[in-house]
Amino acid sequence: MATDRLKGNLDLLLLAALAAGPAHGYALVRRLRDRSDGVLDLQEGTVYPALHRLEHEGFITSSWTEGERRPRKVYALSGAGQRKLAGERAEWDRFRAAVGSILGGTA
Amino acid sequence: MSDPIHSYLDELSRHLHGSREARRRILVEVEDHLREKVRELGAAGYNDADSEALAIVHFGPARQMGRELSPLPECWAVAIARAFRAGLLAGLLLIVLGLSMMAAVPLDRLFGGTLDASAASMPIVVEWRNHPCALTAGTCVVRSWVPQSGTSVLIVFGAGYLAVGAMTLLVLAFVQRRLLQVSTGHRWPAALFGLAAMLVALWGLRTWDGEVFLAGAVWVPMSALFLVVALVMVVRRPARPVSPA
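Just so you know, the sequences run in chain order A and B. With the first letter of the first sequence counted as 1, position 33 gets the number 32 in numbering that gives the first Met the number 0; the numbers rise by one all the way through. With the first letter of the second sequence counted as 1, position 87 gets the number 86 in numbering that gives the first Met the number 0; the numbers rise by one all the way through.
Each hint should be verified, as a subset may be incorrect.
[Stated by the list, open to error] Going by beta-carbon spacing under 8 Å, a handful of chain B positions derived as facing chain A:
1) 2
2) 10
3) 67
4) 68
[What the hints assert, rightly or not] Some chain A residues close to chain B (C-beta under 7 Å, calculated; not the full set):
5) 25
6) 67
7) 71
[Unchecked claim] DEER-style ranges, computed between Cβ atoms:
8) A/11 <-> B/190: 27 to 35 Å
9) A/95 <-> B/6: 41 to 49 Å
10) A/81 <-> B/46: 27 to 35 Å
11) A/48 <-> B/46: 25 to 33 Å
Derived from the structure by calculation, the hints contain no laboratory data. Each residue gets a CB set at the ideal place from its N, CA and C atoms; glycine is no exception.
The following block holds chain A by itself, in its conformation from the complex:
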């Protein structure tokens, strides 16, 4: 169930992970896993189509850097991405509050 929810919110999570600073794909996977205490442990390859889509839509930018052993693609949040993240966060907060109030009421 966590995996399904994760897929539905992957764009938002990736933007949030990038808000902490530029990172390459694997570092983002690690951030998601670490910050969720291992709950959000997704199939790692699935982050790349999402990253490429976000890049295509202009929410993130990328650059190639020379890593220790090979070229490395590093992603960063763009201005549009920051605005999108802020909007998505506000929407998520409203959604969470609404669901929380319902679940809390039935508990």
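Following the hints, put chain B in place on chain A, whose structure we already have.
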């Protein structure tokens, strides 16, 4: 013993559709991810073989990931592949037809048959608009090099079919290299373009009053274009495969 990461990247590459450059960038990025994962698992105490196997499992099946990572949507890739196969068949049929027409005359002479090529007097109209012609009572008599009947028409048209078939295959080869995923790294497309240049030039060869020349309007630029493409493909080095760490 083959590197499992390389084997995985090879398989992923087979399922990626898009330009060679886009596919290469994806493969470099995926390899970086997998090597980083292997390094992390190794630091956690896994041996090399287990680390590589786990990294691949965690990344996802090559077929699925290739589909999701492809710069070119799969439906487009399938449509292009079908069009490619149809074009390939058409090109080959034209070549076979051209060869059979060209072979008809010498085979006929070889075996002493009586080839009646009058049936091959197709509605050919070769007009010489840009070349000198005999003037008769003020009227330009347009002379046709291609005979309206006779066995030589088979050779001429056979060469034409051959050239068109070869050009079809060359265009398909070019499209395949650019859109589909055939990173052969070989020089055969260059050789085909060179062959096309020669065929087109031969097709454009004309005789006029005993002199042989190349009819210029279409054939010279087309032949030159194929020749330039062939040279560019020879000079330009093919993209290197993803290098190991």
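Consistency of the hints with the structure:
Evaluation of the residue 2 of chain B hint against chain A yields a violated restraint, the C-beta minimum of about 14 Å exceeding 8 Å. At a threshold of 8 Å, the smallest CB-CB gap from residue 10 of chain B to chain A is about 13 Å, leaving the interface hint violated. At a threshold of 8 Å, the smallest CB-CB gap from residue 67 of chain B to chain A is about 4 Å, leaving the interface hint in force. Interface hint at residue 68 of chain B: satisfied, since its Cβ lies 6 Å from the closest Cβ of chain A, which is below the 8 Å cut-off.
For the restraint placing residue 25 of chain A at the interface with chain B, the shortest Cβ-Cβ distance is roughly 4 Å, inside the 7 Å limit, so the hint holds. Interface restraint check: residue 67 of chain A against chain B, minimum CB-CB distance 9 Å, threshold 7 Å, status violated. About 5 Å separates the beta-carbon of residue 71 of chain A from the nearest beta-carbon of chain B, less than 7 Å, and the hint is met. The supplied range of 27 to 35 Å is broken by residue 11 of chain A and residue 190 of chain B, whose beta-carbon atoms lie about 52 Å from each other.
Roughly 44 Å separates the CB atoms of residue 95 of chain A and residue 6 of chain B, a value that falls within the hinted 41 to 49 Å. At about 43 Å, the beta-carbon gap between residue 81 of chain A and residue 46 of chain B misses the expected band of 27 to 35 Å. Between residue 48 of chain A and residue 46 of chain B the beta carbons are some 31 Å apart, a value that agrees with the proposed interval 25 to 33 Å.
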